[in-house]
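S.K.: Protein chains in written order, with this note's numbering: chain A, 1 to 103; chain B, 1 to 597.
Derived by calculation from the structure, the hints in this document are not laboratory data.
Please read all numbers here as calculations on a predicted model, not as lab measurements.
Subject to a maximum C-alpha distance of 30 Å in a straight line, what follows is the list of computed DSSO-like cross-link-like pairs (lysine-lysine):
(1) K322/B - K44/A
(2) K44/B - K322/B
(3) K27/B - K112/B
(4) K54/B - K27/B
(5) K54/B - K44/A
(6) K44/A - K44/B
(7) K54/B - K322/B
(8) K44/A - K112/B
(9) K44/B - K27/B
(10) K27/B - K505/B
(11) K571/B - K27/B
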Amino acid sequence: MREHREAAGPASLKRAWRRTVTAWRRVEDFHQAVFDARWGHARKREARTQQDTLRALLMLETLGVDNPVAYETLDLIPYMVADLHEWHQRMGREDFGAPGGCC
Amino acid sequence: MPAVAVLLGALALFALGYRFYSAYLAKSVYALDPAFVTPAHSYKDGVDYVPTNKHIVFAHHFISVAGAAPIVGPAIAVFWGWGPALLWVVLGTIFASGAHDFGSIVVSVRHKGKSIGALASDVISARARILFLLIIFFLVTMVNAVFAVIIAGLFIDNPEAVLPTLVTIPLAIGVGQLIYRRRTAALLPSLASLVIVYACIPLGQALPITVDPVAGALGVEPALVWLVLIFTYTFFTSRLPVWMLLQPRDYINQQQMVLGLIIIMVGIVVGMDTIQAPAFRGDMPEGSPPIFPLLFITIACGAVSGFHSLVASGTTSKQLDKETDARYVGYLSSLGEGTLAVCSILACTAGVMVFSANEGGAWTDLYTDWAAAGASPAGMFVQGVAGFAANIGIPESIGVVFATVVVVSFAATSLDTAVRLQRYTVQEISTIAADRAAEGGPVHRACLFLSRNITVATLIAVGVPLVLALVPGNFAAGTLWQLFGTTNQLTAGLALAVIAVWVTKRGRNPIAVLVPLVFLVVMTSWALVTQLMGFLRSGDAMQTFVLAPLDVVIFVLAVWMTVEAVLALRKAFAARRAAPGEPKAPAEAAAEGTEDK
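Isolated chain A (complex conformation) (with noise of 0.2 Å):
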């Protein structure tokens, strides 16, 4: 029996260890979408354009303008790839470059 609690001592000391840092990340999770809600939407906002502003940079030459630095800046296109489309459907342009090249 003696045994038995002693066994049982520790597991529940784990178990309690675990509830609280669980309860802990429930907290942690619901602060930080609060802080998103409030704060973090003038930062998305601003790290949005400053992203279009580079990407305009980037595709000046697809928008008919010459682009004096393409040459440096062309290894950069890839990575601006992924989410090109809703850039440009933000940008108020349904499609974008040759037919068939994004949508």
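Fit chain B to the supplied structure of chain A, relying on the hints for placement.
M.R.: Positioned in the frame of chain A, the structure of chain B alone reads:
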């Protein structure tokens, strides 16, 4: 009367308001539809339009609307006794603020998440947009002047709070850098910064900071030096990116507010202190302003506040997952702000009397006359919180500094936000004026210059309230506060007019919105006339030549708003009579998507 009984009574009435009145609003007035596709879904962009869990939107909305204003208004208004202030806070919150905040969210959700200014233009008339901008200009001018005066007063009264307050600035910048550049989770850095701020309280007590030597050398009042320092600081901080100082400091403030509310409530329950102010003050000192109508503009935030409609239509409506969440978010947040106002009333009528410096005295010795009530309302609140904090073992001297830091931080963040808002307002008014002026003329050129020059716009945003705050005399926190209240109630009136027109157009009974609208318009106009008479009779040059003309301008705006609201409502009722029919069913409304007009 035990303070705990008042607190529990108010909370019980708020609970009944939420259970029954908000349900009536949701079903019969705003006709919420769970199937309606909210802008958070239809315009989802991951930045502004984000469908969000209702508990998170509630927390975000509540901490956006609660600040220093629901503390200061009730702290002045208890001058007439705690009964009228409490009645207005409780009834105003349940019947006016609840309908206003809740309705602002719903109307914005039904119009693609547009702001209340754009909605006024869409729903009432194109002129209402200019009216809205002018009301905001005066509202923000008053906010800046009053909050600067409050900060200066608190720093003079409690120089030991200056250091912990100053410490929050580099801490906020540090927290901002950690969160935004290193992508650290927000909770731990904010808790650590709170610990550092409170650890600085004893340091502040050991090193109190005053501007007396500077003021003495210049031969001016210390308040003048503080005011110039505060507005200079605001001029520069309002030019910084929001994520660098404004947002992280606001964020730390909100943690302090939650902590402050907990300390006040636990202190009330543990201490079982008695309210020592009269419920209704019979022996009013000579020269006291009349309770009707001034009570209803002295307490704006905490009973009903137009500022909430800016938040409701600015960010909240863009994050609502379901339209039915508007009840929980809008109405419950109003009740939260009402609770903060009730706590302020109790701090200034019960807590303040257990503060050691006031113990054994009479409450009327603190609120001797109207000038005393308006001289340092935030100071009364600070003493009250310190009294409650002592009930739970927090030393009074620490409690004073803690409460001062909370109020000053709130006021400073409001100042920073308000100066930015004022800058945009000045630029937008200039743009509209430039469009209407003869092209190429001097007015056109001047307006165009102002609309494009951030420095000049910021100088106007800082300079006008500085002039108002520097007006000599003891009126700033009292009389100026009431002018702030009138503009705040006008903003609420405009939002309620938008909601009433929308409800009428939808074929539903707008009485729940019309009653607070008419009440606010009557009380605000009446208060403006009463104040004008007071300014003109005072014989003081500043009151006659600065405040009286300001009062007249705000009165003209009130009349303009009433005319616009009446015209729009007449049109809405006429349209309803011309096309009688049943209100649209939820499914039909959902099929329409959003309603632009």
